[in-house]
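Participant: Mind docking chains U, L and B on chain V? Use the hints.
Protein chains in written order, with numbering that gives the first Met the number 0: chain V, 0 to 667; chain U, 0 to 172; chain L, 0 to 334; chain B, 0 to 401.
Derived from the structure by calculation, the hints contain no laboratory data. Each hint should be verified, as a subset may be incorrect.
[To be verified] With a straight-line Cα cutoff of 27 Å, these simulated DSSO-like cross-link-like pairs (lysine-lysine) come out:
| id | chain 1 | residue 1 | chain 2 | residue 2 |
| --- | --- | --- | --- | --- |
| 1 | U | Lys158 | V | Lys112 |
| 2 | V | Lys621 | L | Lys217 |
| 3 | L | Lys301 | U | Lys121 |
| 4 | U | Lys158 | L | Lys305 |
| 5 | B | Lys294 | V | Lys356 |
| 6 | L | Lys332 | U | Lys106 |
| 7 | V | Lys540 | U | Lys37 |
| 8 | V | Lys499 | B | Lys338 |
| 9 | L | Lys94 | U | Lys106 |
| 10 | U | Lys132 | L | Lys301 |
| 11 | V | Lys621 | L | Lys183 |
| 12 | U | Lys123 | B | Lys294 |
| 13 | U | Lys158 | L | Lys60 |
| 14 | U | Lys37 | B | Lys17 |
| 15 | U | Lys37 | V | Lys112 |
| 16 | U | Lys132 | L | Lys332 |
| 17 | V | Lys515 | U | Lys121 |
| 18 | U | Lys106 | V | Lys112 |
| 19 | V | Lys484 | U | Lys123 |
| 20 | U | Lys158 | L | Lys94 |
| 21 | L | Lys183 | V | Lys622 |
| 22 | U | Lys121 | V | Lys45 |
| 23 | V | Lys540 | U | Lys132 |
| 24 | B | Lys58 | U | Lys37 |
| 25 | B | Lys340 | V | Lys499 |
| 26 | U | Lys106 | L | Lys217 |
[Claimed, not checked] So these bits of chain V aren't anywhere near chain L, every CB distance computed over 10 Å:
| id | residue |
| --- | --- |
| 27 | Thr34 |
| 28 | His63 |
| 29 | Ala196 |
| 30 | Gly249 |
| 31 | Val270 |
| 32 | Thr427 |
| 33 | Ser616 |
| 34 | Lys622 |
| 35 | Thr636 |
[Said to hold, decoys possible] Chain L side only, calculated, beta carbon under 10 Å to chain U, not exhaustive:
| id | residue |
| --- | --- |
| 36 | Ile49 |
| 37 | His160 |
| 38 | Phe317 |
| 39 | Leu322 |
Think of the CB as a built atom: it goes at the ideal place given N, C-alpha and C, for glycine as much as any other residue.
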Amino acid sequence: MKENGEIRIGFYICHCGVNIASVIDVERIAAYAATLPGVVVSRHYKYMCSDPGQELLGSDIREHKLNRIVVAACSPLLHEHTFRKATENAGLNPYFMHMVNIREHGSWVHEDKELATGKAQDMIRAAIRRVRFHEPLEKKRVPVLQDVLVIGGGIAGIHASLTLANAGKHVILVEREPTIGGHMAQFDKTFPTLDCAACILTPKMTSVKDHPNITLWSYSEVVKIDGSVGNYTVTVKRKPRYVNEELCVGCMECIEACIYKEGKWPDEFNVGLSKRKPIYIPFPQAVPPVPVIDPEHCVHVKTGKCRDTCVAICGDRNAIDFTQKETLTDIKVGAIVVATGFDIFDATQIPYYGYGKYRNVYTALEAERLINASGPTGGELLLPDGHKPESIAIVHCVGSRDVHYNRWCSRVCCMYSLKLAHLIKERTGAEIYNFYIDMRAPGKSMEEFYNRVSEEGVHLIRGRVADITPQALPEGSDQGGYLGKLVVQAEDTLIGRVRKIPVDMVILAVGLVPQKDAEEVRRMLNISCSTGGFFLERHPKLAPVNTFTDGIFLAGACQGPKDIPDSVAQAGAAAAEALALIDAGSVEIEPNTAYIIEEDCSGCKSCIPLCPYTAISFDEAKKKAVINEALCKGCGTCVAACPSGSIRQHLFEDEEIFSEIDGLLTYA
Amino acid sequence: MEHTNPTDAAPWRPRIVAFFCNWCTYTAADLAGVSRMKYAPNTRIIRVMCSGRVDPQFILEAFARGADGVLVGGCHPGDCHYVEGNYKMLRRYHLLQRILSDMGIEKERFRLEWISASEGDKVKSVINDMVEKLTGLGPLALPDQRAEWDREMDILEEKMSVAETAEKEGTHA
Amino acid sequence: MPEKQKPAEKRKAPEKPKVALYWCSSCGGCEESVVDLAENILTVIDAVDIVFWPVAMDFKKADVEAMPDGSIFASLINGAIRTSEQEEMARLLRKKSAVVIAYGACAHLGGIPALANQFERERILRYIYEEAPTVINTGGIRPMTTYKDNGHTATLPVFRHVVRTLDQVVDVDYYIPGCAPTPKLLLDALLALLRGERPPKGTVLAPDTALCEECPRKDSKPTDLHFTEFRRPHAAPIDPELCLLAQGFVCMGPATRGGCEARCIHGNMPCTGCFGPTSRVRDQGAKILSSLASNLDAQEDKDILKILEGIPDPVGTFYRYGLAGSLLRRALKPL
Amino acid sequence: MLATEEAVEQMWGVTLDKLYDSEEGRRILSCIQCGTCVGTCPHGEYMDYPPRRIITMLKAGLIDEVLASDSMVMCVNCYACQTKCPRNIRLTEILLPIVKEQSLLQLETMPAELQKAIENTFRYGNYMGESARKRTQWTKTSKIPVRILSEDPRPVDALWLVESDLSYHPRGQDVARATVQIFDAIGADFAILGNEERSAGDCGRLSWEPGLSETLIDYTLSILKKYTYNRIIVSDPHALDALNFRYPMFGFSDTVEATVSFVHRHLDMLRPRLTKTLKYRVTYHDSCCLGRHNKLYDEPRELLLAIPGIELREMVHTRENSICCGGGGGGMWLDTYYKAKGMERLSDRRLREALATGADVLAIACPYELSRFEDAVKVAGAENRIVVRDIMELLVESFGDN
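Just chain V, with the same shape it has in the complex (with noise of 0.2 Å):
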């Protein structure tokens, strides 16, 4: 390939405040390009991403017929579109338009100002050698399909859902669970306003079941996704629930008519603290309010030997059907929003804590099941032998801030804590010691719910709980059944002395962490996670909700630990970006698509087999390799590999790498 034209190159570094210029000499750089063949203009400017910077570069275009553009500045994946935008503003093909990343990955990164100085310079000669083998190129636009796919019916993937739905698009929400609620519907009352968490989810989900514009799919899971931003292909496998939801009215007249009286397997939803039939629906408000049969223990099921009670009590309405089977079916969405939520830190992991050992150490969340009026014990908390507790301990940080276990803070347990503490000592009067290390309240009325909770009397001892140990020391060895007083140490570091403290029961506030198969659904979607497992955000402030593959976005706790106004803001936040994208009809892909001159190609076969999206194909009459461009998503692997160097690659050409790379390595 060779240059075309004469080339008229503009130069232009950026300060970005002090940001860059604080450490390469950007002035120096400026006068270096200016020697370079090629360079017309060059230039340094304060904040090129700003409008006098943009309309710099466009008014020299204009007034130095530059062809030509390379910007200094950051990473690419932040402002090459700002800098593409404003070349072509100026009537400039933008792709003529290249950018160095001298901040994120220049003085951002080094402290030598001479070295740093001398990598960007190096970087700078490679780019100016580069971009006059740079041609014009089309952006190209892809239709975008006008269906939404959420993966995740708790209040994220719920408030996303209604969004989207109520904007007139089509939804197709997948819960895994037979219920949606999430995790939400699990609490008792939700921090600092003490609203009933019930009371503001139910009807958010009997509006998911209510709107025409959505499709509930519970009971259900994604398990395999195809295509691309606008147009994925998304593989959905239903499971039978045995309880056909056209038919069933919600009686639940066939959990009572159940061959099995009494529940006899633990609850989900009571996390195991109470127990259920193999025909049940998880909490009342469920949605859709339709029974599930657990076919591990349905003895129909299992056996086809059942007296059929529930079938029988359903009589004509012939809701039950044990001829379901699981079924996958593809579904094809423009964007999807991925909601998939946290799992809770498996407190058996901290031995010292006692949790799966004492029968008086809880969670935090099967105190929330326990102090909830629908919970197994109607709300009133009891300990397993009856009694009601007169002392509690509330273990903060429990798997959280741990080099150990997770190095995050979980960020809603402080507050959930005291939330919990309030409830507790409001219900029981029980002395309530909320063992902590900081207090985080940061948000709106946090500080004042836990100045609210202080002034209760609620004791706030500032210590990590180091040990807990049963008060008298159980005799023989079987220490799971221990029932009695626990004393829960620490040291208290306000006071300096190590404190004892005898309680009749401890909770502990089990951190937030990813769910357990969170990174087999990354995979699938092809995004990225955080170090601690999160899903990765694209950026953590200017786009929290994008994720680095385009159409796909996040919301809640699948992100990070959050709570619920977070989630919910997050998830309209999702929803706005989904919309943005189907709304737009289309989408533009970059151009940077592999392509094969005819010619030059002698048929060789070896990039068929290479393309992922069976992009290549062979034409038997011409005997060559065609690449269908609308199906390449330019990753350049039958570039690099085509043994003739016949596959070229917009915006990716060899001669554009290879004279980068000279450029590069290039003795003054």
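Facilitator: Chains U, L and B alone, transformed into the frame defined by chain V:
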């Protein structure tokens, strides 16, 4: 421009050309920047969409042009934005390493690393580690080597041009 | 070098254009290919005067030196440059010729002799004079580089440390590739030049598509070929119809310029790459490596390495004719 | 948490002013003052300057005040604080030993028993002050002959460092003889250093006497150099600690194995001999060095469970949450000092936990614990309820042919 002069008194520092994939490693390098992690300034990054785009020619060209090391960064296995471009690079890596070793280029000079978008710290540690290892190995400096090799032709060239001059002078005289 | 072409054009009319042929470090096959023109050689002789061809005609260096600069229409130099004598002759012919053509794989890319660039000079000499199984040289005697006798000094040409392509020593105008080039390529090239055609300098005078284009087995290559093993031609039977890559033999065809009439393939042997890469490729070995490796059928390191065991000598395989002209050119720490 | 190689390198010779030079030392700056170290420290409540405060005082430039106190004399090097620290600050490996060493230098009067123990170790190579020549006396009453390398220096597979307690202490000698029987049963090719051996200079006990520790390490290394062996087997977990974490700083890189893990590795060879049913309810005490610092939790338990009839019962504090017997870090010779401070002996506290399990045998795998718990049993008047036995003794007791 004095800074790039090889005869400059400044101590030799290894030069690394890095090819980072847009989705994982380039982003991780951005993250290292946003997190203000400090690392050795010896690497010059070239952005490609996928490690699968890294043509072995690029690596050889970088060495031939004077790189002391070449680093290729891609997504972890199973994480490739383009399904398995990184595997294709991995396969080339193994074959190319054999060629490089046969040609006397130490394996430490060519490195393939999987660095995900969230591993800013890994960008830092890999680059620092590579700089340390290359500093230990010393310069590769292929262009200098070439010049050194070609010096063996100088004597003859000189001799011939002397003869030519003499001949010309002879004719003119 | 436009100024050097001028004299050649001047003397177009009365005399026939002069042509020189010279043989540097090569096997002689290139010279043979000239002879292989057979009756076509008469066409050539009709059109040109061969003024220098040491293998066939008794001209001396001094005769060439006596010619005016640029007076030779075209010099066809074959062989790589390994010794000072070859270097000297190349320079001389360059000076005297309007057009210099690197003729054959060795002059073009280094050829087989350039595989010596993997080894130290001393090691080569030691092997040749002392260690080769056919040599008995208990005294370890080596040829003297200079010898004085009767007031005269005889000097052996210097054996260089590096094998070079012709264009690494002198400016080259065109290349005729192949080990050896086909008589057809030679004839076509000469006739075109004689017609006054001047392709851009540096052009390789052969088709610019890879060999697969003209391969008789092209249709038998599947579109989903993944390599699970590599086989070596001497160690396995070769199907005479099926694409050699499809049989697991390393065939350089996809990475090698066509124009050879697929001679090796017709002989039921895989292409070894003598025509060099297409104009779009800088390093033929890197490219075939990239293509083959990308299509390996393995994900794990150990499985990948296992398959690659089938290519025990990748440098010798991928750079059989092109090491001197490759990006690395020579081993850094030669053996 | 096992120390990493770098951590090991960084531990040696660090002084307070160089603390932040290393990554492990600098980690102290990440302390969030959560108090877990104090809360879990078995003596935390008695210290004026427990670990958390030491860190704040250090950061505030008030460390002299800490060094002038006797808080660190109470540290029993049990690794509990380090194990639970949410910031993984290497308290027991790095910070506390420095403070301890300095504090001891400033003590007005050195506790007499401790003084004597250090002196004895220096002069005789064992804290009891026994003659070096008596070191191998126990072998005379061993059923199985024991090869002594100084007499028979042929190469050997396993060089067994017996250490002082097993060599001199009468109950320790029982364990030594039992250990020999076990080694014999698994067909081990082993030998001991004999009278040449001296205390390995274990890091826990002697960290506040680095000079003495270093002398002993130098000496031991010079002796080890004379012989050819494949591995070193150690019965004393403190010595194991020294070999694993201190000796490498002196260029030592031999394979080291605790007796329990060595025997555990050959359990299949031992099993046929364990034919006699022992109807014991056994509770096992995890020693600090073997457990928390070298992560050997399952091996001793599996050895016990290999004995027919044994029922294993766990105490409330177990495995990484075990409580120190009080003997580490010099605590062995500070009982009087601690008593004067009104502190309960940790072995007494631990014994109560053992008794609560209803066990009739308290199994141990650290020689200090023999004497500490046997004393505690006497103090508690529990001689009829529980006995203290080393795992090796229990294994031998189960030999059907005995």
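Participant: Are the hints correct? Go through all of them and say.
Facilitator: Hint check results:
Taken as a hint, the U:Lys158 and V:Lys112 pair is broken in the structure, with Cα atoms around 48 Å apart against an allowance of 27 Å. Simply put, V:Lys621 and L:Lys217 have alpha-carbon atoms about 12 Å apart, close enough for the 27 Å limit, and the pair holds. The suggested pairing of L:Lys301 with U:Lys121 holds, with an alpha-carbon distance near 24 Å, which does not exceed 27 Å. Restraint check: the Cα-Cα separation between U:Lys158 and L:Lys305 comes to about 53 Å, which exceeds 27 Å; the hinted pair is violated.
At most 27 Å may separate the alpha-carbon atoms for a hinted pair to count; B:Lys294 and V:Lys356 meet this at roughly 22 Å. Restraint check for L:Lys332 and U:Lys106: satisfied, since their Cα atoms lie roughly 13 Å apart, inside the 27 Å limit. Taken as a hint, the V:Lys540 and U:Lys37 pair is honoured in the structure, with Cα atoms around 22 Å apart against an allowance of 27 Å. Our distance criterion of 27 Å between C-alpha atoms is met by V:Lys499 and B:Lys338, whose separation comes to about 22 Å.
For the suggested pair L:Lys94 and U:Lys106, the alpha carbons sit about 44 Å apart, so the restraint of at most 27 Å is broken. Taking the CA atoms of U:Lys132 and L:Lys301, the gap is about 25 Å. The hint holds against a cut of 27 Å. With a C-alpha separation of about 26 Å, the suggested pairing of V:Lys621 with L:Lys183 holds against the 27 Å cut-off. Proposed proximity of U:Lys123 and B:Lys294 is contradicted: the alpha carbons are some 32 Å apart, above 27 Å.
Of the supplied pair hints, the one linking U:Lys158 and L:Lys60 holds, its CA atoms being roughly 17 Å apart against a limit of 27 Å. Between U:Lys37 and B:Lys17, the direct Cα distance comes to roughly 23 Å. Compliance with the 27 Å bound is thereby established for this hinted pair. Distance restraint check for U:Lys37 and V:Lys112: the Cα-Cα separation of roughly 12 Å lies within the 27 Å cut-off, and the hinted pair is therefore satisfied. With a CA separation close to 19 Å, the supplied pair U:Lys132 and L:Lys332 stays within the 27 Å bound.
Pair hint V:Lys515 plus U:Lys121 holds up; C-alpha atoms about 24 Å apart against a cutoff of 27 Å. For the suggested pair U:Lys106 and V:Lys112, the alpha carbons sit about 31 Å apart, so the restraint of at most 27 Å is broken. Annotation: proposed proximity of V:Lys484 to U:Lys123 is violated, straight-line Cα distance about 51 Å (limit 27 Å). Simply put, U:Lys158 and L:Lys94 have alpha-carbon atoms about 15 Å apart, close enough for the 27 Å limit, and the pair holds.
A threshold of 27 Å between alpha carbons decides the hint, and for L:Lys183 with V:Lys622 the separation of about 25 Å falls inside it, so the pair holds. Straight-line distance between C-alpha atoms of U:Lys121 and V:Lys45 comes to about 32 Å, which puts the hinted pair past the 27 Å bound. Restraint check: the Cα-Cα separation between V:Lys540 and U:Lys132 comes to about 36 Å, which exceeds 27 Å; the hinted pair is violated. With a C-alpha separation of about 25 Å, the suggested pair B:Lys58 and U:Lys37 falls inside the 27 Å cut-off, and the hint holds.
For the given pair, B:Lys340 sits about 20 Å from V:Lys499 by alpha-carbon distance, which is consistent with the 27 Å threshold. Straight-line distance between C-alpha atoms of U:Lys106 and L:Lys217 comes to about 37 Å, which puts the hinted pair past the 27 Å bound. No Cβ of chain L comes within 10 Å of the Cβ of V:Thr34; the nearest lies about 28 Å off, and the non-interface call holds. With a minimum CB-CB distance of about 32 Å to chain L, V:His63 clears the 10 Å threshold, and the non-interface call stands.
Its beta-carbon lying about 47 Å from the closest one in chain L, V:Ala196 satisfies the requirement of being farther than 10 Å from that chain. Every CB of chain L lies more than 10 Å from the CB of V:Gly249, the least distance being 50 Å, so the non-interface label holds. For V:Val270, the condition that its CB be more than 10 Å from all CB atoms of chain L holds, with the nearest at approximately 40 Å. With a cut of 10 Å on Cβ distances, V:Thr427 stays outside the contact zone with chain L, its closest approach being about 58 Å.
Not every C-beta of chain L lies more than 10 Å from that of V:Ser616, the closest at about 8 Å, which undercuts listing it as non-interface. For V:Lys622, the non-interface assignment is contradicted: its Cβ lies about 7 Å from the closest Cβ of chain L, within the 10 Å cut-off. Remark: the non-interface label on V:Thr636 conflicts with the geometry, its nearest Cβ contact in chain L lying 7 Å away (cut-off 10 Å). For L:Ile49, the suggested interface contact is broken, since its CB lies about 25 Å from the closest CB of chain U, more than 10 Å.
For L:His160, the suggested interface contact is upheld, since its CB lies about 6 Å from the closest CB of chain U, less than 10 Å. The criterion of a C-beta within 10 Å of any C-beta in chain U is met by L:Phe317, whose closest approach is roughly 7 Å, and the hint holds. For L:Leu322, the interface hint holds, since its Cβ comes within 10 Å of a Cβ in chain U; the closest pair sits about 9 Å apart.
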